[in-house]
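Visitor: Chains as they are written, first to last, in the numbering used here: chain A, 1 to 352; chain B, 1 to 339.
Heads up, none of these hints are tricks.
Label-pair distances were calculated between CB atoms; the ranges are: (1) ASN41/B - THR152/A: 53 to 63 Å; (2) VAL326/A - ALA184/B: 30 to 40 Å; (3) LYS87/B - LYS206/A: 48 to 58 Å; (4) GLN257/B - THR48/A: 30 to 40 Å.
Derived by calculation from the structure, the hints in this document are not laboratory data.
Glycine is no exception: its CB is placed at the ideal position from the N, C-alpha and C atoms.
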Amino acid sequence: MASAAGTPAPPAGRRRCFAWIALAGLLLLAWLAGGGALVAVAQERRYTVAFANLTEEPGATLEGTGFTGREVRESFALAVRRYPIDLVFYDNHRDGQKALANAEDAVRRKVDLYIQYLDDPATNVKIGQSLRAAGIRALAINTPVPDAPLYTMDNRAAGRIAGEALSEYGAKNWRGLTTIGIVVGNLRAQEHRIPERAQGASEGLKRHLPAIKITALDTQGNPAQVGPLLAKLLATNSATKALVAAMDDASALAAKSALDSAGRLADGAIVGQGVDRSVHGGMNDRKEIDPSNRGSIVIGSVAFYLDRYGYEVLPIAMRMLRGETVPPRTVTSHRLISAANVFIEYPPYDMN
Amino acid sequence: MTRKSLFVVIVMLAALIASVPAALAQSDCKTIVPPSPWGPNDQTGATNRVTPAVTKAAAAEIQEGKVVVMSYPLGDGIPLFGTRFTKTILTATTLAPGAALGENQLTYMEDTWLSQSHVGTHLDGMGHIGRKDCYYNQTPMGKFITQNNMTKLGLEHLKSFATRGVLVDMVKVYQAAGKFKGNAACKKPCLEKGTVITKADIEAGLKMYNVTLREGDILIVHTGWGNLFEQYPAQNAVYNSGEPGIGKEAAKWLVTQKIVGVGSDSWGVEVIPGEDPKEAFIVHNILLTDAGIHIMENVRTDLMADEADRTKRATFFFSMTVPKGVGMTGNFVAIEGIR
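All chains, full assembly: derive it from the sequences and hints.
Guide: Here is the structure:
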């Protein structure tokens with residue numbers, strides 16, 4: 001206080017300068033307050049987005065994985081909590097007519113954006129036209145809608161990740177031993193793009209073992225066939241190691257069971273596809289891919305994240321709603337989930 | 001011992017010694033957890049804020065002498081998270097014919113209680129939640145655990161919880177905002193699981209009763225979800241399947257408010273399923289690991305919510321004694337709100 005009292009008063013010019021600075025500061029604050037209000041108003045703008053799911057039929061699995069439509073829907077319901085979006089849910093029932101009716105309803109509701117998940121390209125074309133005529137932008141999942149950004153899995157890449165992991169495992173652990181590659185699953189399921197997945201797996205298996213012989217075992221959609229098919233093959237390859245690229249998690253578990261039944265667990269390594277709840281779990285579950293089960297011959301599974309589609313797709317939707325440009329194609333970041341990273345990538349579902 | 005075998009022994013010992021640092025290798029906790037504002041030796045955390053002045057000010061909340069129960073009964077059959085368990089066994093041998101003692105025919109009974117500590121209405125201590133092996137105040141916990149307990153951050157280091165409690169009624173906030181979504185299993189209104197309670201929601205709850213948080217307060221969040229606990233064991237599965245709770249933004253804001261703890265009528269206080277499917281109990285990290293702010297779970301909040309609604313006053317004297325469990329990560333507690 002003493003030093004302040006002893007400070008001489010500033011000259012009149014400086015006082016005027018201070019006054020102008022103070023005034024400018026007040027104006028700046030007022031402007032910021034106004035801007036803040038504008039921002040607040042912008043944040044309050046809510047959008048209505050329709051999500052037409054592929055199918056929510058109980059028990060029906062999607063895309064050749066163990067995921068259900070209900071899991072896809074739930075991921076949207078949870079992910080939307082982050083955004084000023086009101087979701088309208090539709091179930092396409094894997095049916096073109098139903099999908100068209102859903103889109104018509106959304107047009108009547110004047111939604112701001114339509115997220116279409118239907119594996120019927122011809123119907124998607126019609127729906128795209130209908131939405132465009134109504135001035136509603138579309139976003140497609142896994143099967144294109146003309147002129148709409150596409151979020152999609154990459155089956156070939158996923159297959160390759162599995163194949164490479166197996167190939168690396170074989171090269172590292174079974175060097176010098178006779179090793180065969182096996183691709184097992186519903187191999188002709190074009191609608192689920194399993195042939196692409198199988199092709200990728202075969203390519204990956206050759207990454208570190210270029211001379212490996214690969215056998216394809218087609219279960220024709222019946223995982224119960226994995227056992228007999230694999231048992232027969234193992235019987236004719238008694239002193240052989242087997243790298244098994246299973247096209248889904250159910251087939252991976254069936255392959256392990258078959259190797260176990262044949263007394264050949266030590267001769268096998270398996271990678272699945274999907275990472276659904278059949279292979280990882282909650283706090284109390286002890287599932288196949290688990291940090292406490294590192295010795296399993298199911299060395300991993302490639303994640304497809306259908307249970308996180310909402311978290312992947314809604315950010316794209318939000319950017320579209322804000323008028324931003326989005327890439328025409330966004331691909332799932334498939335990765336190998338093993339005992340070493342499963343709790344990082346998929347914390348026990350009852351803990352997050 | 002020959003010179004050769006002596007050399008072999010020395011080499012083996014050297015190898016063993018060299019391997020020890022690797023075995024004890026810890027994360028660099030200074031880069032993972034912030035330091036305590038109360039210094040590098042602090043093991044107390046947010047109860048440092050409960051000063052005599054804070055307790056004295058809180059005592060002003062006792063105006064009627066009315067005590068409101070804020071704990072649920074503790075017993076077999078209550079909802080338990082994960083692998084937690086509790087089992088009570090009564091010893092009543094002297095009640096058998098002829099087993100009474102002495103001429104005065106003394107009989108007695110005792111309980112054996114086998115229980116995990118994070119059961120029922122309970123407090124999470126500083127040793128409960130970490131990030132990697134790093135716990136509150138940059139503690140590399142791997143160096144401070146035995147098979148029986150922790151040698152650092154145990155409940156014995158906590159100070160008093162005699163402070164002001166502030167209740168925010170999220171059911172009323174959501175109803176007032178027209179965004180209430182309930183769960184059919186609740187017999188009284190409850191927020192649906194997965195509901196993210198935001199900073200704005202808490203502020204609205206405070207404004208509803210014209211309260212401002214002050215340093216040293218304990219915040220109690222009423223979601224209504226606890227009604228499922230009250231129905232035990234009928235709704236245990238629903239209760240444990242998720243919960244409404246505070247989100248990350250709200251937790252970070254509460255840290256800035258310098259409170260002592262957050263309690264709620266749910267098993268985890270934070271929203272489940274969480275905001276990010278790749279995070280596990282992240283609000284616990286924000287409050288406990290990073291800020292030493294306690295979490296109280298399965299708090300009975302409905303009676304205080306009713307009381308606040310009736311009197312239009314949401315503050316009370318928060319009375320909770322935490323047993324000095326040496327090296328324990330948490331413990332069941334009894335809470336009473338005194339008005």
